[in-house]
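*Asks:* Numbering-wise (our numbering), the sequence shown opens with residue 86 and increments by one.
Be careful, since some hints might not be right.
[Unchecked claim] Subject to a maximum C-alpha distance of 27 angstroms in a straight line, what follows is the list of computed DSS-like cross-link-like pairs (lysine-lysine): (1) Lys194 with Lys231; (2) Lys216 with Lys247; (3) Lys225 with Lys194; (4) Lys231 with Lys247; (5) Lys231 with Lys216; (6) Lys194 with Lys147.
Because the hints were derived from the structure by calculation, they are not lab data.
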Amino acid sequence: MAEIISFPEGFDPEGNALEQCMGTEWEDVAMQIYAQARQARIAEIEEQSGQAVRDRIVGLAKIHFGEAEGARFAAVCESGMTESQYRNIRPQLESAGESEELQALRVVKTEIETALSRPAGDSDFMGAVQKTMESEGIGKTAAMTKVARQQPDLHHRFIQSKNPDLEVPK
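Put together the whole structure using the sequences plus the hints.
*Replies:* In structure tokens:
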């Protein structure tokens, strides 16, 4: 059966218990309870704060590196591994994770990126030259000069397409 506890005379249970215990026989007990409660609250706040920081970093990693890499990063974070442990084990993880399919995809990706980065050729530049000749009624040389001055990137790609090994400063 529960014991009924009564408050001492003059004690207000709605008021600040610590202040009311100061200068009484309960002062030491009240201070211990207060210190324990304070430490528990600090630990709770630190845990919540640490988790919020981890969640934020993992969220940013997922956005920056993609969902799959972000999930891998989250798994590493949740493992509790230290930085030095991860530094030592990472080369083994990377070499083991590279499948033949992934290597083939990387080759295809490189080929596509190379093809896309090549200059488009002279069709864009010469098309602009042709339009300038027709709209302004000028000759080809004058039109080429005008387009080269107005659209230097187009002219740069034109020069690169005609001379792939030439380094043309922008």
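*Asks:* Indicate, hint by hint, whether the structure satisfies it.
*Replies:* Results for each hint:
no. : hint               : result
1   : Lys194 with Lys231 : violated (37 angstroms)
2   : Lys216 with Lys247 : holds (21 angstroms)
3   : Lys225 with Lys194 : violated (39 angstroms)
4   : Lys231 with Lys247 : holds (19 angstroms)
5   : Lys231 with Lys216 : holds (11 angstroms)
6   : Lys194 with Lys147 : holds (21 angstroms)
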